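Colleague: Just so we're aligned: the sequence shown equals residues 1 to 136 in our numbering.
Treat the hints as calculated values from the structure; they're not laboratory data.
Cβ-Cβ distance ranges computed for the label pairs, FRET-style:
id	residue 1	residue 2	range
1	60	37	34 to 44 Å
2	28	132	50 to 60 Å
3	119	27	50 to 60 Å
4	30	62	38 to 48 Å
5	60	121	20 to 30 Å
On a predicted model such as this, the values are computed, not experimentally measured, just so you know.
Yeah, the Cβ is synthetic: ideal placement off N, Cα and C, and Gly gets one too.
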Amino acid sequence: MLLVASFYGLRAILGPAFFPHNGMNAVFPLLISAIGMRFLNAYWRKKLMREMDAAPIRQGTRSVVLSADGISSPSSLIVGVMRWSDITDVAEQSDLTLLLFSPIEYIPLPDAGLPEGLTRAALLTQIASWRDAAKP
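With the hints as constraints, model all of the structure from the sequences given.
Modeller: Now the structure itself:
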């Protein structure tokens, strides 16, 4: 609504030379509104990710146990065992692996926290085999 009002304000200031009376008068505010909503959505998503990263459960060191049965944690991160079929994707970042169970929720596995002798490539291969075995 604010963007549409801005459009009409610009139209009043600049005059009809810049905004002729034709069918574009309806399309232009819609286009500006769509672009504005795209930027607002990106802002809100980044804000949500910052707030999720700042959550107390994501602070400090947590232990997770990966096995053929799934993912468990002796801490309060996971109650019980999260099955491999619940993991929607595995993403790699510069120094960690993310086990995603929704588009915005994940379990981080830092490379520095891997057991001695286990490489990221070996971890990813093992996770892929467990996920494949969990598929129906």
